[in-house]
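Trainee: Spelled out, the chains give:
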Amino acid sequence: MSINTKLRLGLPNLGLGVGLRNKHFNYLLNNPAGVDWFEIISENFMDDFGFASHVLMHVRKQVPVVMHGVSLSVGSTDPLNYTYLQKLKELAERVEPEWISDHLCWTGVAYTNTHDLLPMPMNEESLNHVAERVLKIQDFLKRPLILENPSTYLQFKVSTMPEWEFLSALAKETGCGLLLDVNNVFVSAHNHGFDAVKYIDSLPYEHIVQMHIAGPTDCGALLVDTHDQPVPSEVWKLYRQAQQLTGGVSTLLEWDAKIPEYPELLEELFKAREVLKGNIPDTGIYRSPNMPVSNPVDFQLQASNG
Amino acid sequence: MVKQDTVLLQNWLRTVVMALGFLNQKIGLANHLYQVHENDVVSNEGNASVHARLNVYSSGYMARLLDCMYADYAISKKFMGDELFDSFAKAYLMYHPSTSFTLYDLGKAFPDFLDRTKPQPEEGIDNNHFDIPATLARVERARQVAMRAPGIENDIVNTNQVDIQDMLFGTLNISVPECLQLLELDFPMKRFFEAVYREEEYELPSSQKTYMAISRKNYRLVLEEITETQYLLLNECRKHTNLYDAISALSADHNISSAELLADAFLWMPFFRKCGFIQVIS
Ligand SMILES: [Fe+2]
Numbered sequence: 000m001s002i003n004t005k006l007r008l009g010l011p012n013l014g015l016g017v018g019l020r021n022k023h024f025n026y027l028l029n030n031p032a033g034v035d036w037f038e039i040i041s042e043n044f045m046d047d048f049g050f051a052s053h054v055l056m057h058v059r060k061q062v063p064v065v066m067h068g069v070s071l072s073v074g075s076t077d078p079l080n081y082t083y084l085q086k087l088k089e090l091a092e093r094v095e096p097e098w099i100s101d102h103l104c105w106t107g108v109a110y111t112n113t114h115d116l117l118p119m120p121m122n123e124e125s126l127n128h129v130a131e132r133v134l135k136i137q138d139f140l141k142r143p144l145i146l147e148n149p150s151t152y153l154q155f156k157v158s159t160m161p162e163w164e165f166l167s168a169l170a171k172e173t174g175c176g177l178l179l180d181v182n183n184v185f186v187s188a189h190n191h192g193f194d195a196v197k198y199i200d201s202l203p204y205e206h207i208v209q210m211h212i213a214g215p216t217d218c219g220a221l222l223v224d225t226h227d228q229p230v231p232s233e234v235w236k237l238y239r240q241a242q243q244l245t246g247g248v249s250t251l252l253e254w255d256a257k258i259p260e261y262p263e264l265l266e267e268l269f270k271a272r273e274v275l276k277g278n279i280p281d282t283g284i285y286r287s288p289n290m291p292v293s294n295p296v297d298f299q300l301q302a303s304n305g
Numbered sequence: 000m001v002k003q004d005t006v007l008l009q010n011w012l013r014t015v016v017m018a019l020g021f022l023n024q025k026i027g028l029a030n031h032l033y034q035v036h037e038n039d040v041v042s043n044e045g046n047a048s049v050h051a052r053l054n055v056y057s058s059g060y061m062a063r064l065l066d067c068m069y070a071d072y073a074i075s076k077k078f079m080g081d082e083l084f085d086s087f088a089k090a091y092l093m094y095h096p097s098t099s100f101t102l103y104d105l106g107k108a109f110p111d112f113l114d115r116t117k118p119q120p121e122e123g124i125d126n127n128h129f130d131i132p133a134t135l136a137r138v139e140r141a142r143q144v145a146m147r148a149p150g151i152e153n154d155i156v157n158t159n160q161v162d163i164q165d166m167l168f169g170t171l172n173i174s175v176p177e178c179l180q181l182l183e184l185d186f187p188m189k190r191f192f193e194a195v196y197r198e199e200e201y202e203l204p205s206s207q208k209t210y211m212a213i214s215r216k217n218y219r220l221v222l223e224e225i226t227e228t229q230y231l232l233l234n235e236c237r238k239h240t241n242l243y244d245a246i247s248a249l250s251a252d253h254n255i256s257s258a259e260l261l262a263d264a265f266l267w268m269p270f271f272r273k274c275g276f277i278q279v280i281s
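Going down the list, the sequences are from chains Z and V.
Taking numbering that gives the first Met the number 0, the leading residue of the first sequence gets 0, the next gets one more, and so forth.
Taking numbering that gives the first Met the number 0, the leading residue of the second sequence gets 0, the next gets one more, and so forth.
No wet-lab data here; the hints were simulated from the structure.
Among these hints, one or two may not hold up.
[As the list claims (entries may be wrong)] Chain Z stretches covered by chain V per the calculated footprint, using a threshold of three residues with CB under 8 Å from any CB of chain V:
(1) 49-61
(2) 158-168
(3) 186-192
(4) 271-281
[Claimed, not checked] Taking beta-carbon pairs under 7 Å as the criterion, some of the chain V residues facing chain Z (in silico):
(5) K2
(6) S42
(7) V144
[What the hints assert, rightly or not] Non-contacting residues of chain V with respect to chain Z, defined by C-beta distances greater than 12 Å in every case (computed):
(8) D4
(9) F100
(10) G106
(11) R115
(12) E152
(13) R219
The C-beta atom is built at its ideal place from N, Cα and C for all residues, glycine as well.
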């Protein structure tokens, strides 16, 4: 693949978007989308021919859609799952997304799936492993893969490079795009004691195609990526820095548990406009004495029975 | 010291996340299997201890998937109560780790698991109430499948009344939507299911062979109790494109008079079509 050095790999800046969630399906059938674009969890729509797909195609007629996966497991040492990739490709033919993204992580090994985004060791060996798989995936999907930095809670002792260096090398070697989750940078920086500003500054900005913003939970020694809170001031600041660096890329507010009503969700999203003008909302980080669930996934299952 | 390559590290962490037991036991097992020590694997810089870091992944795993079981089996959970449901769901997740990329497969085998693990009634006591949770879960699972499978929403539906001549002369073409789920059950479940769903008062159903059809029409689930012959006919219709052929095959297989079946089917067709169990093709 020829290495693309255009801004955002030449992909469009879609503006401000939110995740398409079951909770808002009825609202979205009766009201305009109100956002520039939607992100879907790819796995939710594979093999779905019911109401969820109906709502997806309804919003798809109004605004662009991006496919964001959680089971690609690009870092796994299991063989690539071509059944999964085929389903991903078929879904892309149906949805015609602007791009397809997933995470720099592994979700399982030995043919099991933890449905979590597990951390990679960061060294030459793992970099080569991931790069080889990214190239194969891009070859199969016939488009660049966009990879997100996950929130992490541990680092392996064998790691020899920081995550930003790993992602930069991966992007340059494979031509893949980056989905910069500034909340995840904030969470991981806190958990591992690195400098979030430096992390963002060090990325090859022309590879950054999209950003995620979200609110974490402070559990004492560790910050946990819970996607269930408003975006705190510190994350907004990183967002502003990254937007300045990249010249503006598609932005998505993630909210996957304790999901607010749609108008309230958009209110939080549209704070991004003010942030770009330098008005940072004064929002603290939610503290919880209990260990919450990182990376909640139950929102993916439709509540036909709730 | 063993070489900590990515394969080893992933298998080690997978064990810490997915093995049975408390965190210490899980870490102990992973260390033993892969001949490492957690302090040699996980970096211990920063405020949190190595165990606190591993705990986010380890406790998160069960809690996350348990939340999925709640979403998938909300009605079973209402019936069983939180504590009992949790203990079965946790045991299920431990013995059926996910091997699929989709969470929709996670709870697939839960009804069978409930069936296999139900308490055995004491001898001489006729207590088949222990069979109810598995039956309820089976209905709940069928609803989930019916919700996502291909339906008839995007088809141009023929709503003309069925002409008996078409049936008799074998010119009535039909199709059964993939979303139709046919269940053979040991209890009458419709009223009971709906009462639990709506959190109304209910009596436990008594054991009785019943049949149920679940389908989807205009993105709404339809759940009806049907007779044995209706069940057999709908099953047979899946194998044929013509109603007359389905009736003839059923008549031959089960030794039922085809004239009687034709007359019954003629009466049943409006009900089947209204419920989205069957479609007439123009
Ligand atoms: Fe994210």
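Trainee: Next step is simple, just say for each hint if it's right about the structure.
Mentor: Hints, one by one, checked against the model:
1. 49-61: This one holds; 4 residues, not fewer than the three required, reach chain V with a Cβ under 8 Å.
2. 158-168: Our answer is that it is violated, as 1 residues pass the Cβ test (under 8 Å) against chain V, missing three.
3. 186-192: holds (count 3)
4. 271-281: violated (count 0)
5. K2: Hint on V/K2: violated, closest Cβ of chain Z at ~9 Å, above 7 Å.
6. S42: Holds. Min distance 4 Å.
7. V144: The hint is violated - V/V144 has no Cβ within 7 Å of chain Z, the shortest such distance being about 10 Å.
8. D4: violated, 6 Å
9. F100: It is violated; V/F100 is separated from chain Z by about 4 Å at its closest Cβ, not greater than 12 Å.
10. G106: Per Cβ check, V/G106 is inside 12 Å of chain Z; nearest 9 Å; violated.
11. R115: The assertion about V/R115 holds, with a minimum of 21 Å to chain Z.
12. E152: The claim breaks: V/E152 does not keep its Cβ more than 12 Å from every Cβ of chain Z (closest is about 7 Å).
13. R219: Label violated. Min Cβ-Cβ 9 Å, cutoff 12 Å.
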